[in-house]
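Participant: Below, each chain spelled out in residue letters.
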Amino acid sequence: MTSSVVSTICPFCGVGCGLDLKVQDNQVIAVEPIFHHPVSLGQLCVKGWNAAFGIDPGNRITTPLLRKIDTFHPISWDEALNHIANQFTDIISNDGPDALGVISCARATNEDNYAAQKFARCVLGTNNIDHCARICHSPTVAGLKQTLGSGAMTNSISDIDSADLLVVFGADPTENHTVLGGRIIKAKTNGAKLLVVDPRKTRLAELADVHLQLNAGTNIALINGLLNIIFSNNWEDTDFLASRCENQKEFVESLADYPATKVAEITGVAEELLDRAAYLYSHAQRAFLAYGMGITQFVSGTNNVIGISNLALSCGQIGRVGTGINPLRGQNNVQGACDMGCLPNVFPGYQPVSEPAVQEKFSSAWDCTVPTQPGLTSLGMAKTALGGKFKGLIVMGEDPVVTDPDQQLVQRAFRSLDLLVVCELTMTETAKMADIVLPVVSFAEKTGTFTNCERRVQLIQKAIPSFAESKSDWRILSELATRMGYKGMGWQGEEAIFDEMVRLTPLFSEMSYPKLIEYQGLQWPCDESHPDGTMLLHSTSFSTANGKGKLIPVRYVPPDEQPDDEYPLVLTTNRLHFHYGCGSMTRKSPLLERETPDGVLFINANDGESYNINNHEDVLVSSRRGEVSTRAVYSEQVPQGLVSMPYHFKEAPSNRLTNNAQDPVTKMPELKVCAVKIKPIKAGALPISEERL
Amino acid sequence: MKSFKLESPNDLKAHLLCTFDLYMPAESSNSDVKWSEIDKDNSIDYDPSLSSTATSCKSFFFPEREDIFKFDGKKFVSTESDGNKQVIFGIHACDLTAIAYQDKFFAEDTYYQARRRNTLLIGIDCLTQCNQGFCHQVDSGPFVRPSTADLILQPLNNDQTSWRLLVVSEYGFKAIQGMKLVSEELGSKKQDGDEFSRQKSQAEVVSHFQHFPYLNDGINKINNRQVSQDQWETLAKQCVTCSGCTQVCPTCSCYTTRDIREAEGPNVTRERIWDSCLYEGFQKEASGHNPTSLPGQRLERFWYHKFSDDFVSKFDRYGCVGCGRCEQVCPGVIGVHSIMKRLSDHE
Chain P
1 MTSSVVSTIC PFCGVGCGLD LKVQDNQVIA VEPIFHHPVS LGQLCVKGWN AAFGIDPGNR
61 ITTPLLRKID TFHPISWDEA LNHIANQFTD IISNDGPDAL GVISCARATN EDNYAAQKFA
121 RCVLGTNNID HCARICHSPT VAGLKQTLGS GAMTNSISDI DSADLLVVFG ADPTENHTVL
181 GGRIIKAKTN GAKLLVVDPR KTRLAELADV HLQLNAGTNI ALINGLLNII FSNNWEDTDF
241 LASRCENQKE FVESLADYPA TKVAEITGVA EELLDRAAYL YSHAQRAFLA YGMGITQFVS
301 GTNNVIGISN LALSCGQIGR VGTGINPLRG QNNVQGACDM GCLPNVFPGY QPVSEPAVQE
361 KFSSAWDCTV PTQPGLTSLG MAKTALGGKF KGLIVMGEDP VVTDPDQQLV QRAFRSLDLL
421 VVCELTMTET AKMADIVLPV VSFAEKTGTF TNCERRVQLI QKAIPSFAES KSDWRILSEL
481 ATRMGYKGMG WQGEEAIFDE MVRLTPLFSE MSYPKLIEYQ GLQWPCDESH PDGTMLLHST
541 SFSTANGKGK LIPVRYVPPD EQPDDEYPLV LTTNRLHFHY GCGSMTRKSP LLERETPDGV
601 LFINANDGES YNINNHEDVL VSSRRGEVST RAVYSEQVPQ GLVSMPYHFK EAPSNRLTNN
661 AQDPVTKMPE LKVCAVKIKP IKAGALPISE ERL
Chain H
1001 MKSFKLESPN DLKAHLLCTF DLYMPAESSN SDVKWSEIDK DNSIDYDPSL SSTATSCKSF
1061 FFPEREDIFK FDGKKFVSTE SDGNKQVIFG IHACDLTAIA YQDKFFAEDT YYQARRRNTL
1121 LIGIDCLTQC NQGFCHQVDS GPFVRPSTAD LILQPLNNDQ TSWRLLVVSE YGFKAIQGMK
1181 LVSEELGSKK QDGDEFSRQK SQAEVVSHFQ HFPYLNDGIN KINNRQVSQD QWETLAKQCV
1241 TCSGCTQVCP TCSCYTTRDI REAEGPNVTR ERIWDSCLYE GFQKEASGHN PTSLPGQRLE
1301 RFWYHKFSDD FVSKFDRYGC VGCGRCEQVC PGVIGVHSIM KRLSDHE
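Residue numbers (the numbering used here), protein chains in the order written: chain P, 1 to 693; chain H, 1001 to 1347.
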């Protein structure tokens, strides 16, 4: 029994817990927590504890695959890469570089992501590069950029320990960012107060001092209502506003439209609770505010984020330890994928694509002429494909067929492509639609860096050899680049990529692999003025042009699709503690797979009874986009009129139902609210699709 | 028990490395103390001052994942393996107590026993209390209970520069053959004279330990059935079902099995994997019925197994050995200290 232990970072969520991999006979057989890890302090969530199952060889793709009509055939890497290179070259010459694009991976390393955007820009010649932050925190990036100048978590996870008020707004951190959620529980145990804003009675809502159980999609009305109360009572932080913010007059005037009575009507939250919440937040010494998809995934997503910022700025709850605006970045490296510039409008380090000086810098460094027009978002690529003008796409490690809104639209878009290349570990629903599938290495089979939600760049270590013929994402792109005539991606290894990125990205300029090991990760900005990284942003000034925080009036806009006689219930989406994303890794654990049926609709018991649906009975859920059969589970978490589905199960894809009405600024789809109708599927009825057999 | 003077534990380690694979606690790159296999040629020194290992010895005998048998379409073939002769060097009293407990639970399990019988256990007495530890309150330490180890390293002074080696078992005695050791007269001629002086030394060490009254109070409440269902449900609100407690607990032994079919072909492998009674699916039946459908019921069951008198007749002790790892690993703040405090505080 010779086993060794390799330290790395968990591949699941944005907390970035330390994870020790136990390796025996070149397989990861188990995991252990790392007690001295600065973020996780020896804890893991159930997904982390089950990480070894996620990369089991069982259903891993072993060789490149080429689709012929309906079946996949193994081919060599040479064949695969030549095929792709030739077809991409053809498309570029016939339809132009913007007919191609790359969807990068929020769970791959910074090195993989840096390579992806460089490939799009230098080899394909397009800014059509995006990733799943589009449907997650793109409003955070856009919203906070306007108000604070920077879109990242302003404080650090450890700030939770020093707050006297924790605010959790539209997030469920004990299920998703569990170790961070645990820290919130610990703070509560030690005497901090907890305020939760959520239409569902989540675990933290049960433990909270105040739970504002608002109607789904009424965030701005609620926030403006709180601000109206705060300013009416002179509870705002006048010194902070005077010295560090601007546009207060216009902003406060806009709040007149939101008196408490009206807000109570819109949100369904009693005036008395609004008062208490407003008092708590404005009077707290140090209030740490965390938020998630319950703020971003709306047509008003960007404005919701601006609302959060208005609240924090008005009460001076930012720029100090224990405070802050703390978006809970979901994936293990979604922060990194954004930092690396896998977005259609920015280069690495958020340097804008449209700025001539930036274009010059990267053209010179990369020895190519970078494209100057901002590119398409992932949803834009789908729409353009349906219009016939977008022909080829590489999807790296994401499963839009399961995770993007309006599944049937995504499927039609992918079918319309001339060439769909998918880089994956296993045959996900998206991989099944590919023309070419390329096997990639898992997190345990490579070295590189992940950046967690508190901007901490951490090193992961290769623990086992590459599985079968799989390669790193960056190496695949590097080899494609060579075949397509570009020489600037011939790196020796991951460290060379990281060092190149660091030279071009001011936020990272003092980072290096040895330093990351020595410091157990470094939080950006890590530059000349902060050589050891930065725990706290905006302590003296904001990152805006004049250093001031901007208060921006935002108007309440109801969700795009409201319930009506035909579709009388509101459907929202949630995550389970037990599964991650599309489930391609967590559903390989027999323990996790055992926890729930392969499809759940959480429904209030009273609604269950009125619709004649028993607990655990099959139920058909329909929206204007499609229908799904799944299993009803009575839950006290959802109030009457609201039902909730997780998106982890391809057999019961909630995204067949969701609305892709978009936030105009970021194209973020409104995943959190749409209208549905339900009816029971009684015993003996035929299932509606093969998957449900 | 025989007693010898020992210059340094490293002498014993060097001797054992000649015939055994050897595992001992060593600091990893991130300062955690982990069980590390020591290479004969590149052997680092044993550091007796290191704190408790991050994980117990549980997985040496009961691994997280283990193939039980293979079926080729015609025959079942056991995949039980003996494992090499190995020594686990420098185990603290709590973890040794847990091994003895698991030995009883897995007495009939040939897979466990195959690994166990080839393993030599070297214990070491603790002179200081570890973070979160309360071995002294559950009778599992800080000094090694002799029946739980083959050999025991006893430090005779606080800077751990003077040592005694105690030989408990036949296996232990065989293992030290060839070492030049000076036998010790164990003072009195009484039957358990050495045990008596160990008790005295241990009492002196324990007098400096922090005592946690809420632990005894909580244990009593559990055994007197003074904890209501409502209380358990309230506490269970903080259980996120991460399974961390059962993973790190040295006496947890629940497992499940699954059959892994080959993609094409008749071969099937049955795998045994660690399970956790905190999962909702743990006791759920095919009909959907679940005797422990409420999280409070599952929480109650876990603590019942760790602290109930009902198990003492079978195992001669409580399930809990006082290592305190569950407290560190629990995100929900309901590890042993936190839970017992809540039970104790509740009127």
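Check each hint, because a few of them may be wrong.
Below, simulated DSS-like cross-link-like pairs (lysine-lysine); rule was C-alpha separation at most 30 Å, straight line [to be verified]:
#: 1; chain 1: H; residue 1: Lys1284; chain 2: P; residue 2: Lys679
#: 2; chain 1: P; residue 1: Lys188; chain 2: H; residue 2: Lys1174
#: 3; chain 1: H; residue 1: Lys1237; chain 2: P; residue 2: Lys193
#: 4; chain 1: P; residue 1: Lys201; chain 2: H; residue 2: Lys1002
#: 5; chain 1: H; residue 1: Lys1074; chain 2: P; residue 2: Lys588
#: 6; chain 1: H; residue 1: Lys1221; chain 2: P; residue 2: Lys188
#: 7; chain 1: P; residue 1: Lys186; chain 2: H; residue 2: Lys1341
#: 8; chain 1: P; residue 1: Lys682; chain 2: H; residue 2: Lys1284
#: 9; chain 1: H; residue 1: Lys1040; chain 2: P; residue 2: Lys462
#: 10; chain 1: P; residue 1: Lys193; chain 2: H; residue 2: Lys1180
#: 11; chain 1: P; residue 1: Lys550; chain 2: P; residue 2: Lys249
#: 12; chain 1: H; residue 1: Lys1075; chain 2: P; residue 2: Lys588
#: 13; chain 1: H; residue 1: Lys1002; chain 2: H; residue 2: Lys1180
#: 14; chain 1: H; residue 1: Lys1237; chain 2: H; residue 2: Lys1341
#: 15; chain 1: P; residue 1: Lys186; chain 2: H; residue 2: Lys1237
#: 16; chain 1: P; residue 1: Lys249; chain 2: P; residue 2: Lys432
Derived by calculation from the structure, the hints in this document are not laboratory data.
Participant: A separate judgement is required for each hint: does it hold in the structure or not?
Facilitator: Here is how each hint holds up against the structure:
1. H:Lys1284 <-> P:Lys679: 26 Å, holds
2. P:Lys188 <-> H:Lys1174: 56 Å, violated
3. H:Lys1237 <-> P:Lys193: The given pair, whose Cα atoms are some 17 Å apart, holds under the 30 Å limit.
4. P:Lys201 <-> H:Lys1002: Answer violated: P:Lys201 to H:Lys1002 is near 63 Å, above 30 Å.
5. H:Lys1074 <-> P:Lys588: Holds - the C-alpha atoms of P:Lys588 and H:Lys1074 are around 28 Å apart, at most 30 Å.
6. H:Lys1221 <-> P:Lys188: This hinted pair holds, its Cα atoms lying about 25 Å apart.
7. P:Lys186 <-> H:Lys1341: Holds. P:Lys186 to H:Lys1341 sits at ~14 Å (cutoff 30 Å).
8. P:Lys682 <-> H:Lys1284: It holds: about 23 Å lies between the C-alpha atoms, which stays within 30 Å.
9. H:Lys1040 <-> P:Lys462: 25 Å, holds
10. P:Lys193 <-> H:Lys1180: 64 Å, violated
11. P:Lys550 <-> P:Lys249: At roughly 11 Å apart (the allowed maximum being 30 Å), P:Lys249 and P:Lys550 satisfy the hint.
12. H:Lys1075 <-> P:Lys588: 27 Å, holds
13. H:Lys1002 <-> H:Lys1180: Judged against 30 Å, a Cα distance of about 14 Å means the pair holds.
14. H:Lys1237 <-> H:Lys1341: 16 Å, holds
15. P:Lys186 <-> H:Lys1237: 13 Å, holds
16. P:Lys249 <-> P:Lys432: Roughly 55 Å separates the two Cα atoms, so the pair is violated.
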